[in-house]
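K.L.:
Residue numbers (the numbering used here), protein chains in the order written: chain A, 1 to 417; chain B, 1001 to 1432; chain C, 2001 to 2281.
Treat the hints with care, as some may be off.
Derived coverage of chain C by chain A (criterion: at least 3 residues anywhere in the stretch with Cβ under 8 Å from a Cβ of chain A; other residues may be distant) [what the hints assert, rightly or not]:
no.: 1; stretch: 2030-2042
no.: 2; stretch: 2062-2068
no.: 3; stretch: 2077-2088
no.: 4; stretch: 2124-2137
Reference excerpt, derived from the structure (chain A facing chain C, CB under 8 Å, subset only) [to be verified]:
no.: 5; residue: LEU74
no.: 6; residue: ASP88
no.: 7; residue: ALA91
no.: 8; residue: LYS258
no.: 9; residue: ALA278
No more than 30 Å apart at the CA atoms, straight line, and that leaves these computed lysine-lysine pairs for BS3-like [what the hints assert, rightly or not]:
no.: 10; chain 1: A; residue 1: LYS237; chain 2: B; residue 2: LYS1287
no.: 11; chain 1: B; residue 1: LYS1230; chain 2: A; residue 2: LYS215
no.: 12; chain 1: B; residue 1: LYS1172; chain 2: A; residue 2: LYS93
no.: 13; chain 1: A; residue 1: LYS80; chain 2: C; residue 2: LYS2005
To be clear, the hints were calculated from the coordinates, so they are not data collected in a lab. All C-beta atoms in this analysis are idealised placements derived from N, C-alpha and C, irrespective of residue type, glycine included.
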Amino acid sequence: MSKKFLSLSMGLVLALSLLTACGPKRDADQVSNPGEKPEKLVVWENADDGKQIGHTKKLAAEFEKKTGIKVEVLPVSLLKQQEKLTLDGPAGKGADLVTWPHDQLGEAVIKGLIQPIQADASVTGQFEESSLKALTYDGKLMGLPKVTESIALIYNKKLMPNPPETFEELYQFAKDFTQPAEKKYGVLFEGENLYYTYFLIAANGGYIFKEQNGKLNSDEIGLNNAGTVKALTEIQKWYQEGLIPKGVKADVINGLFKEGKVAAVINGPWAIRDYQSANIDLGVAPIPKAGGKEAQTLIGVKGWYLSAYSKSPKYATELMKFLTSKEALKSRFGQTGEIPPHKEILTDPVIAGNPLVNGFAQQAKTGVPMPSIPEMGQVWEPINNAHTFIATGKQTPEQALNGAVKIIREKIKVQKQ
Amino acid sequence: MEAEIRTTAGSWGKRKTAACLSALSMGLGQMYNKQWLKGILLLILQFSYLVVFFDLFNIGLWGIVTLGEIPHEDHSIELLAKGIISILLIFIGLLFYGLNIRDAYQVGAMREKGIRPPGIWETYRTVTDKGFPYLVIAPAMLLLVFVVLFPIMFMVLLAFTNYDLYHQPPVKLVDWVGLDNFVNFFRLDMWKNSFVSVFSWTVVWTLMSTTVQIAIGLFLAVLINQKRVKFKKFIRTVLILPWAVPPFVSCIVFAGMFNDNFGPVNQMLNDLGFASIPWLTDPFWCKVAILLIQFWLGFPFSLALYTGVLQAIPSDLYEAAQVDGATVWQKFRHITLPMALYATAPLLIVQYAGNFNNFNVIYLFNKGGPAVPEQTAGGTDILISWVYKLTFVTFKYNYAAAISIIIGLIVTVLALIQFRNTRSFKEEGLIQ
Amino acid sequence: MIRAKLRSKLSLALTYLILVVGMVVCVYPVLWVIGASLSPGESVFSSTLIPKNATLDHYLWLFTSPDSQYVTWYANTLKIASINAVLSVLITTGTAYIFSRYSFVGRKYSLMTFLALQMFPSIMTMVALYLLLNMLNLLDSHWGLILIYAGAQIPFNTWLVKGYFDTIPRGLDEAAKIDGASHATIFFRILLPLARPIIAVVFLFNFMGPMTDFLLPQIVLTSPENQTLAVGLFNFINDQFGKRFTLFAAGSVLVALPVAIVFLSLQRYFISGLTAGASKG
């Protein structure tokens, strides 16, 4: 027994001593020269029905003509790009430029997936301040914006000739118009989702994370303060009075709106095309003022980011600037209807003169970017669940929000453990 | 001098010399045994193995111990994978190495007895004849080692690291942390707060979904199998349809159909004069809905299976029962049921185990929802979907790995015990 | 006597009633998807089974739009599915033959061990498979995907086929052996032709697998021209805001159709093969 043990341990020692001899030889062989002009750059564009990717491909061809660098545009779903770059980057198969909603920025920076970009004021000066802020992490600009999205009030002109000015009027309209038995609703929105209710929370003095010295402090959560409770008590009223059916999600809202049974919805520009296909006479207006102030929505910015694995960051940045130039974004708007946070384009008649688009653009101006710190990822599910408990009356707003914040804190703690 | 050597060789023996030489390097013993071609082939094999894999072993073995030393340059997770692959390849190499020594020893022993060692042609014949089973299963085993065993080893090792959002290559290195994950995870409040309810639902879900889907399949098979039923083929075809639809499509479609407000299921209930049921927002009804869906998805398999089983049950058994005046129920209870279950027992175990970890159905239907106040788990979350929620949203991959191992071990052990039972059960059955 | 006759008639009526209800339950969701695929617009919202203003637009879009890669996806998927099915049948039947007829080291436990290992939750194993394919330089290649599918199916299907082979009397191969047949001859000439039903089962399982899997191809295949149907379809509805459910429905109908036809036409083999394989394993 002991002999066996002895020989076993001897073998182990031998194996270990062999192991210590292993390891890579580290030579200073930096073959890649980041300043050198690459043959090819790779861009991941959202895999949509082809409009976005089609346009980016067109721009890629122009860039190639201009610089002689081939640009390959591959469709990768917006929400999958980060996950994919985590695997593909180290494997040497990643893209040079990637894109996702800015609220995933913090995670990407911590994972080291993207790197800060070099851009002077002549470039950054073109964009709306809020969009640049959204793409800045830890004081460093991580990308350039291509689209800003905000929700707004979309109404059926036949059923709602003039959009209300205040939230109280909106509520009154909903009350007068709604007849659940006939599936007729005055105003519908996803009241069980923070993204759609934030404007009301903000109007009452609630917040997600407190901003301190230009940074969000994830220890200071304002989602169970008096303002948020007040806002959600308001939302609860809508559900209690049957103005919004419990549990409705965007698909049902869209379906009813298209059938002409709903006078107005709060939704984003992505829904417009679907609505137009149903031949509804649409209007878009900013969300009515709540508490006397312009409604402040959460805005999402989709930017281009520079992969940390890019072998030619300099030229990839050039390409990024090209993709976000005024001409590029303007023609992109023409093709996809996505509103760019580009000052000159926003005042251009194509947007300012188009009431449908202008409604969203105006709304985006007053919005705040969604938090992009990784702690935000822990907020969505608990807080939306709390919304549901409030909507269904399972819990009072105080109970639900306190419960949610407790879980959010716990999850943030785990995340950082 | 010469005589002396011979005597030493004699006491030491040709077999031992050959074995030692083979241990020194593959093929040497064979050459000593005068099997030149075989010796050279083995030598080449060993040489190319070392040349091809040397770099991988070098990096892999170092990598799995250190998990890298310099951030950005060393990718810990890749090193971990390379390390496991290296170890697997070394094991395969050692296997051949051992066989080579054994072969040299055996041939040496033959020579001692004065038998001429087999030539290359004979060796080839032996390998293809005696070794035939090994040759045929080798590709399958090789695939299994890399496609099934390797990922699980990878997961097991991940459970002992600190791989999460803040320790992720390329920016950071991953480190070994021992048993910390197992300890820490179970200390979390959010784990404690929902464990009991999730676990009990997981058990109910597993037992209910599997048992009922089997029961429906068996019941319908029996109904169709009656002699007097016409259009058998057509009925079976229609009833098997759910199996032919990709399950992820079905789940998504059902999520739409069970919509609380406007889904066709509630529409139909309303038309029949019943009130709408909150399928997606009430935990109880959501559980009912998801069970119904799993019945729908799962019963055609059992139907197909038992249709065959029933046809194989000898009809004289029923005739004998008929003579004894057995009722329909008695015939089912004492002939059909035991025969059917006995015949398919191992498959039943696989089905139970499959449903225990049936992540897809739970997730695609309602993402484990609806939410339950004060809990981190949704109303239909089973263990695996809940763990996924907890660990992937918080990027705690190390926790995910740790819990997966625990769940895996539980299921595997239970299943293995059951497998053994069925086998012994079956052998007794054969004796009767 | 009359009462007994009445009872028997009643029970037959009840039987038919249950079967009809069962059939309706099976068919209704399928019809609903077809209805959805014909609805105009993007979101599915038809309170009736037959949509108002039914349109074939979604089908046309899938096949004719320059933005649609549906045809490419379809071709890729068929290619992966058929190669995988053939390869899997070869590996599985060969391995099962050995397990059924020969004694060798590891016969008793190896299969069960792998079968048990596969009961581990697979959420963390995808990364490992990615890294493996990367090392083999098989990322973004259909072959890499096929290799994984073909490997992962071995334990369960080998077990099924072994069960089937066990039901074929050994006397047959022994007689052949006396006549001087080799191992391979016995396998190809005697066992395989007799095992047609179980081969049909294994073929179908492995043909359907790649048609319906959307998790693995999504991380293994990069280029759009290599993508498979299930991933493409899933992306239609996985978008954050714009779920294109009707397009998804149309695409799904066209996936389910061939699978269902093959499936139902092989039903006869299926039932006998599956039963024999599973009950004697």
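K.L.:
Each hint should be assessed against the structure and marked as holding or not.
P.N.:
Going through the hints against the structure:
Residues of the stretch 2030-2042 of chain C with a Cβ under 8 Å from some Cβ of chain A number 3, which satisfies the need for three, so the listed coverage holds. Proximity of the stretch 2062-2068 of chain C to chain A, defined as three or more residues with a beta carbon under 8 Å from a beta carbon of that chain, is established by the 4 residues found. Coverage of a stretch by a chain is defined here by at least three residues with a beta carbon nearer than 8 Å to that chain's beta carbons; for the stretch 2077-2088 of chain C and chain A the count is 0, and the condition is violated. Using a Cβ-Cβ cut-off of 8 Å, 3 residues of the stretch 2124-2137 of chain C lie near chain A, which meets the minimum of three, so the contact claim holds.
Look at LEU74 (chain A): its Cβ gets to within about 6 Å of chain C, closer than 8 Å, so that hint holds up. Look at ASP88 (chain A): its Cβ gets to within about 7 Å of chain C, closer than 8 Å, so that hint holds up. For the restraint placing ALA91 (chain A) at the interface with chain C, the shortest Cβ-Cβ distance is roughly 5 Å, inside the 8 Å limit, so the hint holds. Satisfaction of the interface hint for LYS258 (chain A) is found here, the shortest Cβ-Cβ separation to chain C being roughly 6 Å, below the 8 Å cut-off.
Look at ALA278 (chain A): its Cβ gets to within about 6 Å of chain C, closer than 8 Å, so that hint holds up. A distance of roughly 29 Å separates the Cα atoms of LYS237 (chain A) and LYS1287 (chain B); the hinted pair therefore holds under the 30 Å criterion. Distance restraint check for LYS1230 (chain B) and LYS215 (chain A): the Cα-Cα separation of roughly 74 Å exceeds the 30 Å cut-off, and the hinted pair is therefore not satisfied. For a cut-off of 30 Å, the pair hint linking LYS1172 (chain B) to LYS93 (chain A) stands: about 20 Å separates their Cα positions.
Annotation: proposed proximity of LYS80 (chain A) to LYS2005 (chain C) is violated, straight-line Cα distance about 65 Å (limit 30 Å).
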